[in-house]
Every structure is written in C-alpha cells, then in structure tokens.
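Undergrad: We have chain A; now place chain B onto it with these hints.
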Amino acid sequence: MDIFKIIDKFQQIDGDAAGRLEYASRRHFMNKVGSKLASAAIPTAFAAIVNKAFAQSSAAIDVLNYALTLEYLEDEFYKGGLAAANLIPASDKSIFMQIGKHESQHVAFLVKALGAKAIAKPMFDFTYKGAFADVFSNYKTFVTVSSALEDTGVRAYKGQAGVLIADPQILEYALQVHSVEARHAAVARRLAATLLGMPAMKGWITGKEGAVPAIYAGEDNMTQGGVNIKGLASKTDAAITEAFDEPLTKDAVLAIAGPFIKG
Amino acid sequence: MPGSDVVDLGDGDFGVLNYAYALEQLEAAFYAKVVDSPYAGITDAEKAILTDIRDHEIVHREFFKAALGNKAIKGLTPNFDAIDFSSKAAVLGAAKLFEDTGVAAYNGAGKLIKNPEYLLLAGKIVSVEARHAAVIRDLINPKSADFAGDDIVDMNGFDKAVAPGDILSAVKVYVRETINGAHVGQ
Numbered sequence: 001m002d003i004f005k006i007i008d009k010f011q012q013i014d015g016d017a018a019g020r021l022e023y024a025s026r027r028h029f030m031n032k033v034g035s036k037l038a039s040a041a042i043p044t045a046f047a048a049i050v051n052k053a054f055a056q057s058s059a060a061i062d063v064l065n066y067a068l069t070l071e072y073l074e075d076e077f078y079k080g081g082l083a084a085a086n087l088i089p090a091s092d093k094s095i096f097m098q099i100g101k102h103e104s105q106h107v108a109f110l111v112k113a114l115g116a117k118a119i120a121k122p123m124f125d126f127t128y129k130g131a132f133a134d135v136f137s138n139y140k141t142f143v144t145v146s147s148a149l150e151d152t153g154v155r156a157y158k159g160q161a162g163v164l165i166a167d168p169q170i171l172e173y174a175l176q177v178h179s180v181e182a183r184h185a186a187v188a189r190r191l192a193a194t195l196l197g198m199p200a201m202k203g204w205i206t207g208k209e210g211a212v213p214a215i216y217a218g219e220d221n222m223t224q225g226g227v228n229i230k231g232l233a234s235k236t237d238a239a240i241t242e243a244f245d246e247p248l249t250k251d252a253v254l255a256i257a258g259p260f261i262k263g
Numbered sequence: 001m002p003g004s005d006v007v008d009l010g011d012g013d014f015g016v017l018n019y020a021y022a023l024e025q026l027e028a029a030f031y032a033k034v035v036d037s038p039y040a041g042i043t044d045a046e047k048a049i050l051t052d053i054r055d056h057e058i059v060h061r062e063f064f065k066a067a068l069g070n071k072a073i074k075g076l077t078p079n080f081d082a083i084d085f086s087s088k089a090a091v092l093g094a095a096k097l098f099e100d101t102g103v104a105a106y107n108g109a110g111k112l113i114k115n116p117e118y119l120l121l122a123g124k125i126v127s128v129e130a131r132h133a134a135v136i137r138d139l140i141n142p143k144s145a146d147f148a149g150d151d152i153v154d155m156n157g158f159d160k161a162v163a164p165g166d167i168l169s170a171v172k173v174y175v176r177e178t179i180n181g182a183h184v185g186q
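Note that the protein sequences, when read in sequence, are chains A and B.
Throughout the first sequence, residue numbering follows this note's numbering, covering 1 to 263 in sequence.
Throughout the second sequence, residue numbering follows this note's numbering, covering 1 to 186 in sequence.
Note that these hints are calculated values from the structure, not bench results.
Please note that the accuracy of each hint is not assured.
Claimed, not checked - When the alpha-carbon atoms are kept at most 25 Å apart in a straight line, the in silico DSS-like pairs for lysine-lysine are as follows:
| hint | chain 1 | residue 1 | chain 2 | residue 2 |
| --- | --- | --- | --- | --- |
| 1 | A | 230 | A | 208 |
| 2 | B | 111 | A | 235 |
| 3 | B | 111 | A | 112 |
Said to hold, decoys possible - Just a sample of chain A residues kept apart from chain B, beta carbon distances all over 10 Å, derived:
| hint | residue |
| --- | --- |
| 4 | 79 |
| 5 | 83 |
| 6 | 102 |
| 7 | 115 |
| 8 | 130 |
| 9 | 182 |
| 10 | 251 |
| 11 | 259 |
| 12 | 261 |
| 13 | 262 |
Stated by the list, open to error - Pair ranges (Cβ atoms, derived):
| hint | chain 1 | residue 1 | chain 2 | residue 2 | range |
| --- | --- | --- | --- | --- | --- |
| 14 | B | 172 | A | 131 | 18 to 26 Å |
| 15 | B | 5 | A | 214 | 21 to 29 Å |
| 16 | B | 47 | A | 213 | 43 to 51 Å |
| 17 | A | 123 | B | 142 | 30 to 38 Å |
| 18 | A | 85 | B | 150 | 23 to 31 Å |
| 19 | B | 87 | A | 138 | 39 to 47 Å |
| 20 | A | 138 | B | 149 | 27 to 35 Å |
| 21 | A | 236 | B | 172 | 30 to 38 Å |
| 22 | A | 84 | B | 150 | 47 to 55 Å |
| 23 | A | 84 | B | 90 | 21 to 29 Å |
| 24 | B | 47 | A | 84 | 34 to 42 Å |
| 25 | A | 116 | B | 186 | 30 to 38 Å |
| 26 | A | 123 | B | 186 | 44 to 52 Å |
| 27 | A | 91 | B | 150 | 19 to 27 Å |
All C-beta atoms, glycine included, are put in the ideal place defined by N, C-alpha and C.
Excised from the complex, chain A in its bound form:
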C-alpha cells in the first residue's frame, strides 16, 4: 500500500488532509518515537482523514442518496423488464442488458461509497399508479418508460453538478455516471421513436420532444449563459435546443419519480 498515493487521493477531496497529517507526524517526531501517546496521534489523525474522505460533506451525502434512489428505480425497472417473458424482443436484448448492467453497477458503487449512510431500497410501482399498467407486458410501454427514466436521470444528475462543486472527486464520479445515462437515453429514445411512430423524436431532445411530454418542461430553453441564443450561427430553434440538455431540480425530479415509489 502506497501511503503517499492514498494521501494524495484524499487531498483531492479534503484539501487540508495532508496538512493535518503532516502536523500529526511532526508532533509525533517531536515527542520522540516511543512515547505511546504521541504515536497514537498518527492513526487517530489518519482515521479522521479517511472518514472524511469517504463520508463526504452532508451535501454530497444527500446528492449520493438522491442518486441512489434513482439508480435503485432504474435497476429494478430493467431487472423487471429483462425477467418478463416475451417483453423485450431478441433483437433489442443486448441494449437493455447493457443498460441494466450499468444501473446495477451504479447502485453497487453508491451503496459502497455511502456505507452505513446509504438509504434502503424503496418499494416501487412501475405502473406509475396505473398510467403504465402494461409496462412489463407491452414493449411499447416499457420503452416509453425507459426513455423517460433515462432522460430524467440525465436531467437529475445535471441539476446536482453545482451542489458538488466543493467535492471534486464526487463531482467527477457524478459526471461519469451522467454521460452514461445520456448514452442510454439516446438509444432508448431512438427505439421509442420507431416503436411509437414518432419520427420527430431523435436521440437528442428537440424542443420538448419525448415519449412522456410532462417530463421535458424547460428542455426548449434558448437562454444559455444568460444570453438568448436564438438564431445563433443561423441555426434553427430545433438545432439550438438539441445542442443543450437542461437540468431539473431535485424537487422536480422527485415529483416526476414520486408515483413510481411506494415507500
């Protein structure tokens, strides 16, 4: 085990870590090796740093548990779909097996990162209180919900980036998951477009176009960086809105996801 690499890693998360450890070491040597009290100082300080590194700030824990809620939901959804007989055609199985695998990996990572602070898996109702009653028996409904969950996931992670700005390593993890959700969303949208006969629905989001219109509020935003960019580079509104994906607040996401969660 290379302790300097570890300290380096912790310092990315806790900028003061190395400083505090250095202080502990200095005190240790000033008290001379052999003093039991002083030698105990290093492991104590080190344990505190380790704890800080993995426990994260309370803001980060909230974000990670929020992410875990959504990942539990997605993971269970694909497990249900892949287990249902005669739902996903053989031609599309590879796509959903890959998506499902990633959602399971995201859950496993978050559970491990949060440790004792991880929330328990809620009970889910994938019929969305009856709105998607045939979700595990009608492939069109399944793909509709898949595209909606993935696009919402992209918006949810994006909405938390700013909250994580003080936790650079957690921010990077979140970004790495965010873009995987966007890859999922693109293929799910293209499948939905074909199945539902929605030729205007593409892998990217034109205006507010999507299989479940209610979740795309704000995607047609044309103001970026405080400037209305309508007509930028003589491109259409369609192209401009496609070029930027929009975030959702936690409250908005939980309002969308709420009917899936039984508690």
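TA: Just chain B now, kept in the frame of chain A:
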C-alpha cells in the same frame, strides 16, 4: 512549419472554456466536411443524423466563441489528412473517436471549473456529446451493446474522465497548431 504556431488556452475557467472551444472547433469542422462530401452509400437517415450533429457542434463552437469574447483563442486549422472521407467506416470511426473524446474531456474538465454557471453549461453540453457518441456507435454496430460499450464504460458503470493534457495529446494529429493547455483550470 506544422506545430510551430502555438495556441495557449490560458488559465482558470477561461482556460477550460477555451479548451472546450478548441474541441468544438475540431468537431464542427469534421462534421462540416462529412456533410459537404458524404461518404459512398450514405443513407438519408445517416445524413440526417450527421447533419444534426454538425449543427449542434457549430452551435457549441459559436456559443463558446461569443461567451469568451476577447478571451477566445483564434480559429484553429484542422488537419484531417488521416481521415478517408469517402469511407463510411473511416468517417464513423473518426466520429466515434471525436465524440468519446469529447465526453471524456468534459467529464475530466468538470472539476477544474470554479464558476457553477460554467459547470452547468459544460453539463448541458457533455450529455449531448454522449448522445452523439451513443448514436454514432449504434450506426457502426446497430442494436448492440456498443452504444455504451465495455470499451468505454468501466466496471462501475462510469464513462471516462480524462485530463486536458491527455486529451490534447490525443487530438494533436487533427490540428495544425500546437495547443498549450498546461494552465487550464489553474
């Protein structure tokens, strides 16, 4: 002489924005050429996708240029000599490389950004690049797991996040100027 003209991206958040602007310039130039001289046997569906992507990259490029104002780097001179634009495999292979690289670049640059508004803007763009990457990969190998393949997504289900220095090394063959990104985000 190739490489003798050095473009410095600058430091801090503007360095990150110039880094994004540089990558978007390359992507936009690549797709403009693809759409202007389509490969043999291109389908209408492929052409529509590649035209959409071209437009997104142009919007990204022009957005960064306007946002940076007088801090923007100059227009870069792309070098696509190594790409056979008449070959579908070569064009889609290069598109895949550019999109995956763009995703990894934005993911790796996120933690260098200090201003939350710029971070959000990068987030708004990176997911569009990821959508592009998935669609291009699905054109190359339809209905497979490749849209988010094990070659690019790791055992934790994470996409790549790559630091500016490594990204700039990877793309230097596609640009005539030498790009210095040593102070990006610092």
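Undergrad: Of the hints stated earlier, which fail here?
TA: Numbers 2, 6, 9, 14, 15, 16, 22 and 23 - these are the hints that the structure violates, sorted from lowest upward.
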